[in-house]
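Keeping their order, the protein sequence lines are chains A and B. With the UniProt record's numbering applied, the first sequence covers 1 to 362. With the UniProt record's numbering applied, the second sequence covers 1 to 351.
These are computed hints drawn from the structure, not numbers from a lab. The structure displayed is predicted, hence computed values, not measured ones. A hint or two may mislead.
Among the chain B residues that face chain A by a calculated CB cut under 8 Å, a handful are [to be verified]: (1) Leu76; (2) Thr202; (3) Gln209; (4) His232; (5) Asp233; (6) Asp239; (7) Tyr262; (8) Arg264; (9) Leu280; (10) Lys283; (11) Leu293; (12) Pro294; (13) Leu298; (14) Val300.
Here are the in silico distance ranges between beta carbons for each label pair [what the hints assert, rightly or not]: (15) B:Leu190 <-> A:Asn128: 44 to 52 Å; (16) A:Glu335 <-> B:Ser168: 44 to 52 Å; (17) A:Arg29 <-> B:Thr314: 55 to 63 Å; (18) B:Leu298 <-> A:Leu37: 48 to 56 Å; (19) B:His172 <-> A:Gly151: 49 to 57 Å; (20) A:Asn30 <-> B:Asn224: 30 to 38 Å; (21) B:Ile75 <-> A:Gln340: 56 to 64 Å; (22) B:Ser168 <-> A:Lys323: 33 to 41 Å.
A virtual CB, placed ideally from N, CA and C, is assigned to each residue, including glycine.
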Amino acid sequence: MADLSTNDEAVAAALDTPVRRGEPILQVRNLKKHFPLTQGILFKKQVGAVKAVDGVSFDLYQGETLGIVGESGCGKSTVAKLLMNLERATAGEVFYKGQDITKLSGRALKAVRRNIQMVFQDPYTSLNPRMTVGDIIGETFDIHPEVAPKGERRRKVQDLLDVVGLNPEYINRYPHQFSGGQRQRIGIARGLALNPEIIICDEPVSALDVSVQAQVINLMEKLQDEFNLSYVFIAHDLSIVRHISDRVGVMYLGKLAEIGTDEEIYEHPTHPYTQALLSAVPVPDPQARADRDRIILTGDVPSPANPPSGCRFRTRCWKAQDKCATEQPVLAVPERFRGQKTLAAHESACHFAEERDVVHAG
Amino acid sequence: MSTINKNATVPAPREGGHTGPLLEVKDLHVEFHTRDGVAKAVNGVNYSVDAGETLAVLGESGSGKSVTAQAIMGILDMPPGKIPQGEILFRGEDMLKMSDEERRKIRGRKIAMIFQDALSSLNPVLSVGYQLGEMFRVHQGLSKKDAKTRAIELMDKVKIPAAKARVSDYPHQFSGGMRQRIMIAMALALEPELIIADEPTTALDVTVQAQVMDLLAELQREYNMGLILITHDLGVVADVADKIAVMYAGRIVEQAPVHELYARPAHPYTRGLLDSIPRLDQKGQELYAIKGLPPNLLKVPTGCAFNPRCPKATDLCRTDIPALVPVTEQDGSDLPGRKSACHFWKETIHG
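So here's chain B without its partners, still in its complex pose (with noise of 0.2 Å):
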């Protein structure tokens, strides 16, 4: 009952003549006015994501990973957020220039959501199949009893056992790994094509985390969907991302594909990450840990974000910004998608 046809065909691709990334962020700024004065959460962040890929996005609370993602699905509160600049492309189209109504249109059906609380997420007053079914009712115009048909489909689909009995049960029956499993039924409802996924295994269980992640790994090569995925557990990380980003106080600092960025970081931050975290398979000495704290980001140090933090920082750091650049061999020939935003990226690379 809850196996997926493999039969099935494979949506092709949809409409429009757009080549290229299916989504595309370009020079992102989001700024918080507060009353102790503009936390630049978002400086300036480019990243995109093609059809069936999965971009990772790596970061410790408050580096902005989550707010690019709400300024994506246009989910921001503003005020007292604002977007200064920046464009979002979404099969080249600047999603910031359209209005409401058109965002609305591309929100939940071609860009779905997927959020870590499952439990804060869900309505506790509504059942979930009233959940479920309220997407079809509200983007397809369906009629109440289709809809909660689709909605036991679509429960089958994430393979929660006995899905007919248990469409009309709430949100606190179902166990942490169950309820995620309705979140992520709930942002594939309308097969959109791209899915943001931010922490969704954050608040579950290691054995049930696998399941999860398993599940929406399947999904996305049914549907061939691009997929961001926020975290900031390398390790689920380095098991289903295609490419990283790596982001530090509201920039990115090192872009790579996954096997590159673990085998060899080009960044003393994601080197110091790597560092830090305990290993299952060895048992190390102390651990190295990465002196200080993350920044307030309503003053963000001069120069490399990450200067106090940094063992190699010289005063070049405490003065200029580095630029995200492309990432050379030692012998200077291409490495493929990596950028890294060290003054030093050569000595940590290959030094």
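Just chain A, same shape as in the assembly (with noise of 0.2 Å):
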């Protein structure tokens, strides 16, 4: 750690360099984190690990909304809190602006963090009922005092409350006093106040009503445009992920089993775990009862500290034959579909890639 400082330097150097649309911002490479399980009481010794994030690769475009969805324990927040460098990966890299911001620590990590911001789920308990909003979107000051002069603090609060849609003059209000949607603006005027260009959202919007919950969507689409933000979206609704989503990608235990932009994803998803997520979702459509191709998947998400050989999903997967339980398939454009000018020609980790509308069928 001695040449911290020069370090610190070059790291600020290459953050003030623009990135311009469409290239990409953050990349993350063979990503991976590993919990471990320890055994005994005064000498622990590790027996095994939860391997939530087991390499995981893939890029954001700036200006764009990658969305990730996959079901509980898949793994999608472990990858949010390592964007943040708030878990320290076990291997793997992500660079944003070509630095390796899981080797960064102090002042370079603090520099990076001002520009990647976090959105919570959970607006009952991502704010601090003891303080007044003033103070929780204030803090952020405190933290990085060259953003705002302390003077000027409290107009710069209010004006980012006026952003998301809050009247400015509630600045002294405390969390209870608001309902679960100006809550959620509250989390996302924090997430603003640096001027990031990154927002990571974890389930932004899961926690809300029906009603609720197209304000706040509508709105984050807003300031992105606003503000020329890039956004993960992490979320397990598969149709609001399409609805704000440029591109998609599906986890499954730890892993990326499908990347492609929305409509290579839900129109013509090639993946059997897509395919069955899919058409497991509910259609607001009555008439569509009857004739929907829905694929139900028996069993449940094997534990992430055992993981089947080969393909993760194979224990689930209809299609799964001998080869799945001995290779991993990699995530690349299926063999079949290399070159063809076809929506269906996206990454996808299947030895048995095929297409399959399940959203339109019947």
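Since each chain comes alone in its own frame, lean on the hints to assemble the complex.
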């Protein structure tokens, strides 16, 4: 850590360079997070590991929204924490403007975090009940004083409240005086306070009522245009993810099963897990009830401490063959679609990838 | 082992010469007396369920959908809760007038409930087998050994793999979907005539949700049970319901058979809800958002409770509470089962 100061300067210089629209702003390479399982009280010995995230790679382009979907326990929230460097990665890299943020610490990390902010799931527990809204949002300026001089902070917080559609006069109120939707707006204002380039949203609307969800989603889309933000949008609700995302990654048991544009994933899914997931989503249209193509998976997600060999989905997959148990499929454009001009030609980690439109079937 | 015997005789319609709906709620009011005033959670709700029928009660948080269900089950906390007026008729008998003893005989045996959060609804220090068997021991006086055998049968019925080996496991050893199956098994234990499911799949992942809803539908068919499904998910409702009651601020604002409701909503709130959900099969532009927030039940707006959020509100809406009136076709012919509580339902459905 002797070269910390020179390193810091290099990082600061790198962070100042703007990224043009459509170029990768965040590059994740083979990211892994294993949580150790220990045994014994005094002499702890490691007996295994929960492989929460086990080799995930993707790019986030400037100005886009990348949706990440998956069931609970698939590691999507751990990915969010790794991108913020709130958890130390076991292996792999996260490049932000060419800097590997998993290796950074101290001042350099602080500078990076200014540009990558997070909006949390539960607006009821992610705001300190003993702080006023002004203090909650203003606290970010205490940590990063260079963003707003002391005298201007109050006005800046009021501006932020206005931007997210709250009355600026509410600055002295406490979180309990707001409804769930309003609290989530406060969370978003806090995320915006430092003018970040990337916002990582971990299930930002799942705790909200349907009519309020739409308000918050619309707000987030408006802010993206206004401040030129890139979003990583993590959620389990596939309909919302489709609505807001430009590209979508589907995770299963710590790995990406399939990734592509929203049209590729939703209209031309090639991975059986994506197909099952999409077909299980209840469609708000009773006409479609009878003739939908429904794939009902059996069983539960296996434990990430002891994932199946080969393809992780094989224990629940109806297509599984011997090859799936021995060979791990890689996330790449399947061979049969390679070079073809079809929307099925996107990255999918399945040996037997084939197209099946489950959303429009029937 | 876990297959259901399809040849088992369907239980014949049970005792009693009562005709008409299985359960009928009439003009039910529930209020909560709090330090800040009286919160009117339910303001005159009417609905009915027949045997074998699925009624979905749709609403946002605070709309009174769960409170109505708790009043039916008789598990409302009283005080602070109070039922100032209304009737809950089960097979024609008013349950609100029954003694505690009589209600206890109905609860569990005739009407059972499935709760949202299986982890907190199951006792963590008792094995699931013990908790399932409790139904038989308490209601039917079975011995511990017999109750356990029946518990295993039930777990088989709801397709929990290796039921025999897992009967002595504790709730934390099961996954979320499996725990919800145990809740369903518990509700089914005494083969009730009516099941109230309060957000049974909200805490579950979509793939597991599909499994659980399928199971519930299958068992409902087998036993010819009535089902009241309380949810906020318009997708789930479209998949399983026969008819729908949409609740807002303690009232039913619209009632309709499932196909009708989605095709032609007759209340601006229902329309707003349908427009505000993103669709899986199409990528829209901006989502329609119902402006504002659900009302505070301590001070429900005068007139129609939805008027501050309604795009069509007029002065009439701000002063007069709209009654739940039958909805008709444009030429005046009947639309069976359809009702709307909007002064301007004609414009909403036909306009």
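Quiz item: If you check each hint against the structure, which ones fail?
Solution: Structure breaks hints 1, 2, 8, 13, 14 and 20.
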